[in-house]
Amino acid sequence: MPKVTYIEYKGTEHTVDVPVGTSVMRGAVDNNIPGIDADCGGECACATCHVYVDKAWLDRTGLPLQGSQEASMLSFAAVTQPDSRLSCQIGMTEELDGLVVRMPEGQH
Amino acid sequence: MNAPVGFDPITDAARRPLSSFDMSDPAYYQDDTWYPYFARLRREAPVHFTAESAYGPYWSVSRYKDIMQCEVNHAVFSNEIGGIQVEDQPKDMQRPSFIRMDPPKHDEQRKVVSPIVAPANLANMEPLIRQRTQRVLDALPRGETFDWVERVSIELTTMMLATLFDFPFEERGKLTYWSDVAIANVNAPDAPVHSEEERFAELKIMAEYMARLFAERREQEPKFDLLSMLAHGSATRDMPLREFMGNLALLIVGGNDTTRNSMTGGLLALNQFPDEYRKLMDNHGLVESAVSEIIRFVTPVIHMRRTTTQDIEVAGQQIPAGAKVVMWYVSGNRDEEAIEQPNRLIVDRKRPRQHLSFGFGIHRCVGNRLAELQLRILWEEILQRFPMIEVMGPAKRTYSNFIHGFRSMPVRIPA
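Chains as they are written, first to last, in numbering that gives the first Met the number 0: chain A, 0 to 107; chain B, 0 to 414.
Note that these hints are calculated values from the structure, not bench results. The beta-carbon is built from N, C-alpha and C at its ideal position, and this holds for glycine as well. Treat each hint with caution, since some may be false.
[Unchecked claim] Pairwise CB distance ranges (calculated):
1. A:L62 with B:D274: 44 to 54 Å
2. A:T14 with B:R134: 42 to 52 Å
3. A:L64 with B:G5: 53 to 63 Å
4. B:E107 with A:G10: 33 to 43 Å
5. B:Q133 with A:T14: 34 to 44 Å
6. B:D165 with A:D82: 32 to 42 Å
7. A:E104 with B:K222: 44 to 54 Å
[As the list claims (entries may be wrong)] Sample of chain A residues at the chain B side, in silico, Cβ under 7 Å:
8. D36
9. D38
10. C39
11. G40
12. A44
13. S71
14. A77
15. E104
16. G105
From just these sequences and the hints, can you work out the full model?
Pasting the structure below:
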């Protein structure tokens, strides 16, 4: 099963298995990794599963499409960067085995 | 307005024809009798049409997942066309605010004020909120009955609001008054205003007062308060009068009333579920999840309204373009398909943050983290100093179909 490494804002790392077909958000929530709230449960409706995608992985995860719901929700999140994504919108694939994401200072 | 003696809402909700259901009647919320009606709607008519009401015809969406569907589709479910309440604002007295706008203007104005609740600023505000909370709690009487709404909920949220606006502190009672004016149902006997004209006149006085502060802030360097942010933001610095009124009323109500009522409703709920209160007293680590659970249980905003821009299907039901659609958060938050044992307060509930009280999508409550912070501090400080605070009599609720509020609640802290 592909692995994802989640790095908390203060630096604590968690590497867990995330099943293909689920999402990067789901991997965090199902493993009780703190720092990803996912208030809306994966509907792309709250921006509380915000992560920064590690540079090495941006090609494979891509960025939110312009004008998409994800881009719109992210535009209201606090502390966004050019590598911001909503982790509920990153679908897990074999290709993403080893993915590294970092968490922002707060979910909003 | 009070239900007649012998009236049984459970029987009435079961027998009444669905076609006569009108959940916009504020009496349901003042009398706290809405539960069985929405339970039946969720079961039998989750997307329901009311042909006649005091606010004209409207559709009701009562299930969690259907509300979510409307929330995320802001292109079809517009805030701008008809506003956010089942009751329309009179045509010549409309007060636009960013919650009553669609993109792109909504986005531009919201982004002007949202930095005030960014994580770093919340961390800055925490010590001040804690100090004030401690002071208010330490001054409460022991062994005698007093009004929790006045002494705690209003006091704390009004101080917060004064800070957010950097409003003259001694004058802060004005903010609470304007908030009450903005949300009042003008037909309620205890309302601060009794007609739309009166409301408009009072809010104009608010706007004139605020305009003076706004003008001062504009001359000063930008700083971290809402008036300064509005005065310097390119999307907000030249607002016409009615839009200025609308945005201020939005920030005042949003920044105080909802949290005020969660402070009251949370204590009431914990009294209704004393085992949960005990659980919390035994384990202060549960405060964070208890706060989310309280916000779900109280549901401080009863509904939000949208207007359809095109025909749309929700839960198999066709809704035509131009329809008034009411998303009943009170009902979605009690939907047994989305939330286990929804009518119980469970302070250590699994996934307590999954509730509708803040809304979802682009209009999701901008101040949600500040509200949670205020409530978390309040409960941390209460648990540290008091035995179980007792509710001594019925809480008086607000006559409103929009704000789920409390006028008063008698409580006693054991001596």
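Hint check results:
1. A:L62 with B:D274: 44 to 54 Å: holds, 48 Å
2. A:T14 with B:R134: 42 to 52 Å: holds, 46 Å
3. A:L64 with B:G5: 53 to 63 Å: Given a distance of about 60 Å, which is inside 53 to 63 Å, the answer is holds.
4. B:E107 with A:G10: 33 to 43 Å: holds, 36 Å
5. B:Q133 with A:T14: 34 to 44 Å: holds, 42 Å
6. B:D165 with A:D82: 32 to 42 Å: holds, 35 Å
7. A:E104 with B:K222: 44 to 54 Å: Hint violated: Cβ distance 21 Å, outside 44 to 54 Å.
8. D36: It holds, given that the least Cβ distance between D36 (chain A) and chain B is near 6 Å, below 7 Å.
9. D38: Since chain B brings a Cβ to about 5 Å from D38 (chain A), closer than 7 Å, the hint holds.
10. C39: holds, 5 Å
11. G40: holds, 5 Å
12. A44: holds, 4 Å
13. S71: At about 6 Å, which falls below the 7 Å cut-off, the nearest Cβ of chain B leaves the hint on S71 (chain A) intact, so it holds.
14. A77: With a closest approach of 4 Å, the A77 (chain A) hint holds.
15. E104: Holds: closest Cβ of chain B sits about 5 Å from E104 (chain A), inside 7 Å.
16. G105: Where the cut-off is 7 Å and the nearest Cβ of chain B is about 3 Å from G105 (chain A), the hint holds.
The structure fails hint 7 only (numbered hints given earlier).
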